[in-house]
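Protein sequence lines correspond, in order, to chains A and B. Heads up: the first sequence begins at 53 in my numbering, then just goes up one per residue. Heads up: the second sequence begins at 53 in my numbering, then just goes up one per residue.
Simulated from the structure, these hints should not be mistaken for lab results. Misleading hints may appear alongside valid ones.
Derived list of chain B stretches under chain A, where covered just means 3 residues or more per stretch with a C-beta under 8 Å from a C-beta of chain A [claimed, not checked]:
| # | region |
| --- | --- |
| 1 | 80–94 |
| 2 | 323–335 |
| 3 | 347–360 |
Restraint-style ranges between C-beta atoms, simulated for each label pair [unchecked claim]:
| # | chain 1 | residue 1 | chain 2 | residue 2 | range |
| --- | --- | --- | --- | --- | --- |
| 4 | A | 358 | B | 263 | 45 to 51 Å |
| 5 | B | 345 | A | 247 | 31 to 37 Å |
| 6 | A | 291 | B | 335 | 50 to 56 Å |
| 7 | B | 91 | A | 211 | 39 to 45 Å |
| 8 | A | 240 | B | 358 | 55 to 61 Å |
Below are the DSS-like pairs computed for lysine-lysine, each with C-alpha atoms no more than 25 Å apart in a straight line [to be verified]:
| # | chain 1 | residue 1 | chain 2 | residue 2 |
| --- | --- | --- | --- | --- |
| 9 | A | 226 | B | 342 |
| 10 | A | 226 | B | 76 |
| 11 | B | 76 | A | 223 |
| 12 | A | 226 | B | 335 |
| 13 | A | 292 | B | 255 |
| 14 | A | 192 | B | 223 |
| 15 | B | 192 | A | 212 |
| 16 | A | 356 | B | 342 |
| 17 | B | 76 | A | 227 |
| 18 | B | 223 | A | 76 |
| 19 | B | 335 | A | 223 |
| 20 | B | 292 | A | 212 |
| 21 | B | 367 | A | 342 |
| 22 | A | 342 | B | 292 |
| 23 | B | 335 | A | 227 |
| 24 | A | 342 | B | 356 |
| 25 | A | 212 | A | 130 |
| 26 | B | 394 | B | 255 |
| 27 | A | 342 | B | 223 |
| 28 | B | 292 | A | 223 |
| 29 | B | 342 | A | 227 |
| 30 | A | 335 | B | 226 |
| 31 | B | 212 | A | 223 |
| 32 | A | 335 | B | 292 |
| 33 | A | 212 | B | 212 |
| 34 | A | 76 | B | 226 |
| 35 | B | 227 | A | 76 |
| 36 | B | 76 | A | 342 |
| 37 | A | 292 | B | 356 |
| 38 | A | 223 | B | 342 |
| 39 | A | 396 | A | 434 |
| 40 | A | 212 | B | 184 |
Where a beta carbon is used, it is the ideal one built from N, C-alpha and C, also for glycine.
Protein chains: 2
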Amino acid sequence: MINTISVLGSTGSVGVKSLEVAQKLGIKIFALSAGRNISLLEKQISLFSPKFVCVELFEDAKKLSYRFKNIKFLFGTKGLQEISTLIEPEIVVNSVSGFEGIFPAFSAINAGKTLALANKESIVSSGSVLTKLARDKGTKILPLDSEHNAIWQCLQTNLKTESVVPGISVKNVKKLILTASGGPFLGMKCSELENVTPEEAVKHPVWNMGAKISVDSATMVNKGLEIIEAAYLFDIDPFKIDVTIHTECVIHSMVEFNDNSVLAQMANADMKSPIFYALAYPKRIQNNTKPLDFSNLNSLSFRKPENSILNLCRKAAILGNASTCAISASNEMAVNAFLQKKIKFLDIETVIDYAMAKCKFKNAETLEEIIKIDSESRSIAKEKIEEISKNEF
Amino acid sequence: MINTISVLGSTGSVGVKSLEVAQKLGIKIFALSAGRNISLLEKQISLFSPKFVCVELFEDAKKLSYRFKNIKFLFGTKGLQEISTLIEPEIVVNSVSGFEGIFPAFSAINAGKTLALANKESIVSSGSVLTKLARDKGTKILPLDSEHNAIWQCLQTNLKTESVVPGISVKNVKKLILTASGGPFLGMKCSELENVTPEEAVKHPVWNMGAKISVDSATMVNKGLEIIEAAYLFDIDPFKIDVTIHTECVIHSMVEFNDNSVLAQMANADMKSPIFYALAYPKRIQNNTKPLDFSNLNSLSFRKPENSILNLCRKAAILGNASTCAISASNEMAVNAFLQKKIKFLDIETVIDYAMAKCKFKNAETLEEIIKIDSESRSIAKEKIEEISKNEF
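Isolated chain A (complex conformation) (with noise of 0.2 Å):
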């Protein structure tokens, strides 16, 4: 059992949960990160007691600093580079929000750290240029995502193995599913769509979310970058990923395997099911999460989803880095715009199109490279959001 982690986003609804876990496991915290929600950092700072904390801003920093007198503080995107290459903890659990949380994966993975990874717009974005320097820095990254961790779960060999989850080997494999609740707005049509509201979409019918990764699940956006996460992490063929759509989210992914046989991993909807996998790794310790009961289950279904952004996604993971870092940094954009009602629903798609049809970008090498991408994405994508707002509103 490991002894020490560092948990940045540490204010996010899976930095919140990891604290939990690693509290139950026995895990000392050593540095903790957040943004701009200082008041839940002060408490978690008091109770957890880490020696570096890193926050946004220097306004924040400089403030604790007078009230922590024996921990280090930092502030900012170096702050945050900087913290994830100390040497004392084992894992470095990244559940920072957005793309943000790609300086903190490389510098972790840089300095041979084991990435806990819940930040996927880290590894859409630089795809196999991260998972590349893991493997060269022999380094692991244990996925924190539900669905990543089932398929994670499903995927344990006792056959050599190179790949960056440690233990798994996906020789075997004909595809992976990965289930999908269908978000707020399952089985509604296109014209029903075109109204819904901020306040709709981030109402998600069984995890509970911040608004970001709730608007995405409202759109399928999420399941899309699940599919390029899972392309680059399992290193697998993107057209070899499907979704089913089921709503009572028990089972959280699914392998199926070259001989038809399909293994699934279920388990009560709680975040702290694939952290507690992910730190106790690889053993399976007891723990608070509610077990399944099979005698008082809801049957299981499953139905098909609708493919257009989902395929978009698989499109975008073959091109490479610059098309997925081009649909995860216009889908940020358009779902801020979406948040302070600039566009309207529907519009998300349009900007990632857009986006992703206006991306001639090489894929890039280096982190610097994903950078430029990133950024200019996000200028193709603002450019569209303001020609939408100006006709919509």
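Keeping the supplied structure of chain A fixed, place chain B upon it in accordance with the hints.
Frame of chain A; chain B shown alone:
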């Protein structure tokens, strides 16, 4: 991939499927054994050209040896034992029906052969004697029962392990969950079960199987024997083995780990699936089983089974092989008596209860002691069957 196997019990349903699978995988058949279905056996001999063949009766062996000059024929239990010890085949598939299967099981393992096991009576009767022998000889047992095969698939690990089933660990396991179709009489009350006929009992809703195992499925004794089998095979406390009724027969069994995460193995109900897994292990080879189609799948349901016979079997597994052997032997006798209409359906459990209560044997440590317990248990069962039969008919 292996080159050569022997298939014992080749004319039974698992035997037939094993030959089909071997053919698809390009595996040669070194030896066959069958009981009295000589016409099917002749076809199999012509198709697979084995070097050795064993049948039940001397006369059949004699007749066949005139027709097939280049094949060595054997007969009876001794022939079955001899055929299991031949050096050439890498795996001995034991799908012999009933207690008789214990002889080739011990012989094969004694000869250091990998045993693919469909005959559950051999492990239920001998318990840890068989698994200890396998450990001493450094050989492995590959479970062919769809439930145990499913658990084998779910337990794959990259941890070091001493298990007789290859590549698995039960270190982190909270419980095994065997799924049960519920058989043809699911949901019927005792009063309705009283007069069901052998013809009704052998009509299994999903699996097409032999008469004995169909009746075992209808009484749920089959599931009780599977609990015992799983306890011995996976070396796990029988009270950590649950059963859930799952009428769709898509999930073939599950494992709940200490962290409350569940892995389930799914496939369309087809005995070829577990056989493909066992014979191709650790590879998974494309084959002619039908893949699951999640967009057209019925909802998967679960419910609690009646527990009396299951708990009796769990208790027997705790007591050891004298008790589990008595259950298996008395059940075999009772099912035969039921099929011959000497006793009624509900009497089967009465006979088992009686044999269990009367069983005062010390646990066996050798095959000879097991044979003695089996034979005396049959006498006890016979006694009860005759008593019931006199009173009822």
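Evaluation of the provided hints:
1. 80–94: violated (count 0)
2. 323–335: Holds: 6 residues of the region 323–335 of chain B have a Cβ under 8 Å from chain A.
3. 347–360: That given contact holds, which follows from 8 residues of the region 347–360 of chain B lying within Cβ reach (below 8 Å) of chain A.
4. A/358 - B/263: 45 to 51 Å: holds, 49 Å
5. B/345 - A/247: 31 to 37 Å: Holds, since residue 345 of chain B and residue 247 of chain A (Cβ atoms, about 35 Å apart) stay within the stated range.
6. A/291 - B/335: 50 to 56 Å: Roughly 23 Å apart at Cβ, these two residues miss the hinted range, so it is violated.
7. B/91 - A/211: 39 to 45 Å: Given about 43 Å between the Cβ atoms, the range holds.
8. A/240 - B/358: 55 to 61 Å: violated, 43 Å
9. A/226 - B/342: Holds. Residue 226 of chain A to residue 342 of chain B sits at ~13 Å (cutoff 25 Å).
10. A/226 - B/76: holds, 18 Å
11. B/76 - A/223: Holds, at about 20 Å.
12. A/226 - B/335: The given pair, whose Cα atoms are some 12 Å apart, holds under the 25 Å limit.
13. A/292 - B/255: violated, 39 Å
14. A/192 - B/223: With a Cα-Cα distance of about 23 Å, the restraint between residue 192 of chain A and residue 223 of chain B holds, given a limit of 25 Å.
15. B/192 - A/212: Holds, because 20 Å separates the two Cα atoms, which is no more than 25 Å.
16. A/356 - B/342: Holds: residue 356 of chain A and residue 342 of chain B sit about 19 Å apart, inside 25 Å.
17. B/76 - A/227: Holds - the C-alpha atoms of residue 227 of chain A and residue 76 of chain B are around 22 Å apart, at most 25 Å.
18. B/223 - A/76: holds, 20 Å
19. B/335 - A/223: holds, 8 Å
20. B/292 - A/212: Not satisfied, since the Cα-Cα distance of roughly 31 Å exceeds 25 Å.
21. B/367 - A/342: It is violated: about 28 Å lies between the C-alpha atoms, which goes past 25 Å.
22. A/342 - B/292: holds, 18 Å
23. B/335 - A/227: With a Cα-Cα distance of about 15 Å, the restraint between residue 335 of chain B and residue 227 of chain A holds, given a limit of 25 Å.
24. A/342 - B/356: holds, 19 Å
25. A/212 - A/130: violated, 38 Å
26. B/394 - B/255: holds, 20 Å
27. A/342 - B/223: The given pair, whose Cα atoms are some 20 Å apart, holds under the 25 Å limit.
28. B/292 - A/223: violated, 32 Å
29. B/342 - A/227: Distance ~15 Å between residue 342 of chain B and residue 227 of chain A Cα, so the pair holds.
30. A/335 - B/226: holds, 12 Å
31. B/212 - A/223: Within the cut-off at roughly 21 Å; holds.
32. A/335 - B/292: holds, 19 Å
33. A/212 - B/212: Distance of about 13 Å is within 25 Å: holds.
34. A/76 - B/226: Status holds; Cα separation ~18 Å.
35. B/227 - A/76: holds, 22 Å
36. B/76 - A/342: violated, 44 Å
37. A/292 - B/356: violated, 36 Å
38. A/223 - B/342: holds, 20 Å
39. A/396 - A/434: Answer holds: residue 396 of chain A to residue 434 of chain A is near 14 Å, not above 25 Å.
40. A/212 - B/184: Roughly 28 Å separates the two Cα atoms, so the pair is violated.
Checked against the numbered hints above, the structure breaks hints 1, 6, 8, 13, 20, 21, 25, 28, 36, 37 and 40 and satisfies the rest.
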